[in-house]
Amino acid sequence: MSASEGAINRGLERTQRFEVRTPEGVAFSYRLASPVLRVCAWLIDWMVVAATWSLLATLIGVLNIISADIAGMVATIGYFLLSQGYRIATEWGWRGQTLGKRVMRLRVVDDRGLHLSFSQIVLRNLLRFVDSMPAAYLVGGLAALFSRKAQRLGDIAAGTLVIWVPEEVTPELATVQSGKYNSLRAHLPVVARLRQTVTPAEARIAWQALARRDQMEDAARIRLFAELAAHFKGLTPMPVDVTEGVSDEQFIRNVLDVLYRSER
Amino acid sequence: MIVNLEKFVAQERVEWERLEAMLDKLAKDPWHRLTWDEARELERLYQRASADLARLATFSAEPEARTYLEGLVARGYAEVHGGRRETTRFRPWRWLAQTFPQTFRRRSSPLWLSFWLMIAGVVFGGLAVAFDPDAKDVITPFEHLLMHPSERVAKEESVAGDELAGRKARFSGQLMTHNTRVALTAMALGMTWGVGTLVLMFYNGVILGAVCVDYMLAGETLFLAGWLLPHGIVEIPAILVGGQAGFTLAGALLGRGQSQRLAARLRAVMPDVVTLCFGAGLLLVWAGIVEAFLSQYHAPVLPYSWKIAFGVVEGVALGWYLLRAGRSVKGGAA
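Chains as they are written, first to last, in our numbering: chain A, 586 to 849; chain B, 9 to 342.
Because the hints were derived from the structure by calculation, they are not lab data. All residues carry an ideal CB built from backbone N, CA and C; glycine is no exception. Honestly, I wouldn't trust all of these hints.
Residues of chain B placed beyond 10 Å of chain A at every Cβ, according to the derived structure [claimed, not checked]: (1) Ala47; (2) Gln106; (3) Gln110; (4) Ser117; (5) Tyr211; (6) Gly327.
Computed footprint of chain B on chain A, listed as stretches where at least three residues anywhere in the stretch have a Cβ under 8 Å from a Cβ of chain B [claimed, not checked]: (7) 601–608; (8) 611–625; (9) 651–660; (10) 701–707; (11) 739–748.
Let's have the full structure, built from the sequences with the hints guiding it.
Listed below in structure tokens is the structure:
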């Protein structure tokens with residue numbers, strides 16, 4: 586990777602993540618939602634409002650039996666409240682998520698990492714009046730494009746961010762275990778060299794490959810583990826009995842096993 | 009270097025799960041108040057998770073564990089450092105009797121700006137129609153206002169029955185939603201550094217001034233007062249409140265004479281802006297009802313004196329409410 590590419594990637598990383606540093610001296614970061622994800626969430630919400638309204642309109646239609654005038658008033662006010670209040674109600678009730686945001690794994694959060702207040706939710710949604718101008722959220726889209734934290738005007742005013750929330754999983758080492766004999770364990774110098782040379786990024790790739798193995802086509806899985814095994818085998822010289830009769834996938838399991846466990 | 013993750017996770021997992029359970033409990037009930045012991049336990053668990061995260065960040069880049077802990081620390085941080093949670097449930101009566109009128113008075117500068125801009129618009133619109141009758145066609149957006157005032161008055165006063173029969177409720181709903189949109193747009197345009205709000209306030213004033221002068225020059229002042237006062241006495245202040253919210257927002261954006269940073273300034277005005285928006289909306293619900301059910305009826309069906317008297321009573325009540333309500337309560341208007 587060239588220096589300029591590195592700089593670009595670092596720049597992208599900076600705009601895609603927002604870091605909060607706590608008084609305890611630790612930092613956590615939010616991954617900012619991409620415009621595409623936000624548009625998808627918006628479209629889902631739009632469909633939810635449309636579907637809910639078609640249902641409500643049918644129910645309101647029953648009021649015509651009593652008075653068409655009253656039904657008309659309820660319909661006019663009802664649609665206004667639904668279209669304006671849906672996002673406010675759901676974001677308040679579901680801690681920063683509408684149905685669309687839930688599906689797309691997005692969440693509205695306070696830009697200091699603190700609690701999202703009701704005022705913030707109301708203001709960011711009321712400011713859609715200006716963000717949606719003149720059409721298709723042009724103002725909001727441009728504001729988000731030029732904002733360091735990808736904020737539309739409503740988010741800037743309310744001090745909120747829309748983040749993408751990756752699935753929170755408790756670290757599970759069972760992924761690595763297969764119950765089989767680990768031939769690497771018999772060669773402590775090899776284990777030591779692997780622990781010195783394998784980077785966390787390399788270990789993560791191997792871990793992810795194991796975690797997602799069942800989602801892959803057989804041929805693709807065999808090819809992937811072959812490439813990974815070749816890579817790890819190339820990092821340090823290995824005795825023949827370490828790899829002999831061991832499948833590529835099992836070899837990767839063995840490598841991760843010795844990386845993450847100091848003893849058995 | 010990668011730490012012995014298995015041992016580390018096994019040791020700390022119980023504590024992380026306890027913290028997670030506490031945070032889940034708090035998330036499910038935003039009004040839940042922690043006991044002293046619970047609060048101390050929450051802080052201890054949060055500090056421990058923070059220390060674990062720092063340890064992982066220093067000695068390992070294992071992403072799953074780190075992401076999981078980051079999520080926990082982020083949630084814990086909001087609880088521990090979030091200051092006062094919204095622990096009291098919303099009380100409509102308190103909001104109505106204290107919060108809204110107090111906020112209205114506290115933000116007097118943007119209100120006056122809103123007011124004087126509308127007055128400037130009224131003067132401009134009035135003068136335009138007085139000196140150039142053709143200006144009426146350009147300024148007035150409503151078709152029924154384009155006819156000569158005397159013609160309209162004659163037409164309205166000749167109506168024997170109820171022209172709005174069977175349409176009043178729907179009409180009031182349309183008025184409420186339309187006017188609320190105007191007020192909310194006036195607030196939202198505050199994000200254009202107040203320029204949009206300024207234009208909107210002035211433009212509303214121009215229309216008002218043009219209509220008023222048109223009817224006054226035609227000798228229909230009594231009809232005008234009887235028609236506009238019952239709902240206008242509430243509707244116009246509500247639009248002004250929308251402008252007040254917009255200029256409050258714009259004031260925070262511009263930050264003239266303020267030492268705080270932009271984010272802090274916006275954060276400081278946010279609750280007031282939201283309160284003003286809801287206040288304007290509430291006033292416009294009332295104005296919509298009055299406009300549909302009262303304003304559209306004219307003499308001889310409803311004598312102008314009654315309508316004007318109703319408008320005056322409303323104006324006095326609204327003035328008392330906005331200027332006096334909630335004054336005796338600590339934390340009231342400056």
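Structure-based check of all given hints:
1. Ala47: holds (15 Å)
2. Gln106: Holds, since 17 Å exceeds 10 Å.
3. Gln110: holds (15 Å)
4. Ser117: The assertion about serine 117 of chain B holds, with a minimum of 19 Å to chain A.
5. Tyr211: Non-interface label stands for tyrosine 211 of chain B: nearest chain A Cβ at 16 Å, farther than 10 Å.
6. Gly327: holds (27 Å)
7. 601–608: holds (count 3)
8. 611–625: Check passed, 5 qualifying residues.
9. 651–660: Coverage by chain B holds for the segment 651–660 of chain A (8 residues, Cβ < 8 Å).
10. 701–707: This one holds; 5 residues, not fewer than the three required, reach chain B with a Cβ under 8 Å.
11. 739–748: n = 4 at 8 Å, threshold three: holds.
Of the numbered hints given earlier, the model fails none.
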